[in-house]
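Asker: Following the hints, complete the assembly by docking chain B onto the known chain A.
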Amino acid sequence: MASRTTTAAIGVDVRAKTPSWRVRQTVWTYIALIPYVAFALFPLYITLVTSFKSKQEINNLGTSPFWATGVTVENYVYLAENTQFFDHWMLNTLIVSVLATGVSVIIGILAAYALARLRFRGVEAFGVAVFVTYLVPTSLLFLPLIEVVNFIDDYLPIRDTYWSLVLTYPTFLIPFVTWLLMGYFRTVPVEVEECAYIDGCTRMRALVTIVLPMALPGVICAVLFAFTLCWNEFLYSLVFIQDAVHKTLSVGVVTELIRGDIYYWGSLMAACITGVLPIIVLYAFFMDYYVTGLTAGAIK
Amino acid sequence: MAISTIKNELHIGAGAQAPTARRLRRACGPDLDGYGFILPAAIVMVALIVYPFCLAIWFSVSDGLIGEPRHWLGLENFQWILGDRIFQQTLWNTIIFAVTSVVLKSVFGLGLALLLQRANMWKRFLRGSVLIPFVAPTALTTLGWWLIFDPTYSHINWALAHVWPLNLLGLGPYQWLGDETLALSAVVFVNFWRGLPFFAVTIFAGLVAIPTQIYEAAETDGATAIRKFWHITLPLLKPVLAVVILFSTIFTLADFNIVYVLTRGGPMNSTHLFATYSFTEGILNHEIGLGAAISLFLFPLLLLVVIFQLRMVRKETSYGL
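Line by line, the protein sequences are chains A and B. Each residue of the first sequence is one higher than the one before, starting from 8 at the first, in my numbering. Each residue of the second sequence is one higher than the one before, starting from 4 at the first, in my numbering.
Simulated from the structure, these hints should not be mistaken for laboratory data. Some clues are possibly wrong.
Claimed, not checked - Output of the computed footprint for chain A on chain B, the stretches with three or more beta carbons under 8 Å from beta carbons of chain A:
no.: 1; segment: 47 to 53
no.: 2; segment: 59 to 69
no.: 3; segment: 82 to 94
no.: 4; segment: 139 to 147
no.: 5; segment: 253 to 262
no.: 6; segment: 283 to 297
Said to hold, decoys possible - A few chain A residues facing chain B, derived, Cβ under 10 Å:
no.: 7; residue: 91
no.: 8; residue: 130
no.: 9; residue: 155
Where is the CB? At the ideal position from N, CA and C, for every residue including glycine.
Next up, chain A with everything else stripped away, as it sits in the complex (with noise of 0.2 Å):
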């Protein structure tokens, strides 16, 4: 039986280390990494295609409609001059994303704090409800909170503009956020902190000048994930908003530029490769720490 297992060891090692086992290993990984590519890049190469296209390329149902024979920018110059996409829909998305962000992050991060350091009555039972919150998900609350924003407009005109958003996104960013930063919170070593309290620091003062510096990354993410989540968001914005003007892009788009029957399908998709492209030059920048957070909500 002590043979048997040697020369499985020996043909193991043997095998394992010809280069040209790893070559071969090599090759058909990204020959199989392939199709997976192609996958998820497809529909945003039909996107980019089609909105370089022509209306008589795009209705020519002869041609081939993989890709352009030629190159215009018509759909761009429309979407620009007339519709509401850039100078409403963009704007608006941007402001409220910066804004819910804001208010969340900084939220998040005096919650998150205190859940990772703090010891109090009750600390334990917030933390669960953060869990719970975390996992409610928008489609079940979008029709009670029509009545809270109703409620708020009796006393600020929110409702039907984009403030209605920056109140309401919140409602999915603070739990996310403090989940996230809580997990950074706690790999800051305690030590540093109590340094600073024999020195007479405050507590305020450690956690902005010792704590938040060291779980830089984390807030970064936590800022990352949230921009994102905002600038994603559709369903409060579908039913919160119904003037054109105060509309975030992806509501914008689905809900004013899909008219009738016959779609302008150039200026529709020169429409979405416009709104995604700003969160994929994000990513080109701070892909890193999105992947860590992303793990890190789930794994943590």
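Answerer: Leaving out everything else, chain B in the frame of chain A:
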């Protein structure tokens, strides 16, 4: 019972601290300023999550238009829903949608994660491009799919008719979003496309965390690649898989965007999910009580998934390494 399970799983509270630290803490008394730190978050959570949730329950047992006084109705809405053909169809759709899509995502996500782990060149490009469906605005990318599935402009139909060797099969043209079965498949497919990166990237992180010594030890004992996968990789991935599946199931059950953009629940309600049907009744038909009642059906489903998954995680993490 459930709460204490969650607490243990999530490692909230002082349990993880060393005994001396805990004794010191006790001597200093509780951190009362903690209430100040959690106050803003607590206000938002109570005012904009807990209160609306209670409001949803009140809506579901009462009658009236939005913004007007409502009167008690009892369980009439729920009775109506349970007898409603469209709701039964919605329930069925949701189950098929969630199960198929989560199974597809798990299998292919695991496959992609294993491939990503092996790929050493162009790592950033690969991860980045594979991640795009998950980070890009769903409503907008789904519009791209909408064009691909369009009856007249469908790229798939064009390929079936013109591209060799597909044109030899003599298939199509199909009404991708006009046929009941095809439409549901299309919606599942797009959800699969969007959710795959989440599985792949998270499972990839789980794979990296498995100590290589275990594999080396197995190799010394002559384990084949398949055996290593079944007896090392899969068992050690179980906790990660469980959490990923939990999250994905919840967000798949509650999905709205994809169905709204592609089919609006049609044709013949064959793609309605809870969220879209609740939107149709609550917003488009102004039956806010019915809409709330429909969306509330999500809650027991979610709760079941959460409890089931947490139980599983609890069992599986005790592999004693």
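Asker: Counting residues of the segment 139 to 147 of chain B whose CB is closer than 8 Å to a CB in chain A, do you get three or more?
Answerer: Held - the segment 139 to 147 of chain B has 8 residues with a Cβ nearer than 8 Å to chain A, which meets the minimum of three.
Asker: Verify this for me: three or more residues of the segment 59 to 69 of chain B with a beta carbon less than 8 Å from a beta carbon of chain A.
Answerer: holds (count 3)
Asker: Can you verify the interface hint for residue 155 of chain A: is its Cβ closer than 10 Å to any Cβ in chain B?
Answerer: holds, 6 Å
Asker: Taking 8 Å as the C-beta cutoff, is the stated coverage of the segment 253 to 262 of chain B by chain A satisfied by three or more residues?
Answerer: holds (count 7)
Asker: Under 8 Å between beta-carbons, do enough residues of the segment 47 to 53 of chain B, three at least, approach chain A for the coverage claim to hold?
Answerer: holds (count 6)
Asker: Is the interface hint satisfied for residue 91 of chain A? The criterion is a beta-carbon contact with chain B at less than 10 Å.
Answerer: violated, 16 Å
Asker: Does residue 130 of chain A pass the interface hint, meaning its C-beta sits closer than 10 Å to a C-beta of chain B?
Answerer: holds, 6 Å
Asker: With a cut-off of 8 Å between beta carbons, are at least three residues of the segment 283 to 297 of chain B near chain A?
Answerer: Three-residue rule met by the segment 283 to 297 of chain B, so holds; n is 5.
Asker: For the segment 82 to 94 of chain B, do three or more residues have a beta carbon lying closer than 8 Å to a beta carbon of chain A?
Answerer: Contact hint for the segment 82 to 94 of chain B vs chain A: violated, 0 residues under 8 Å.
In terms of the numbered hints stated before, the structure departs from hints 3, 7, listed from lowest to highest.
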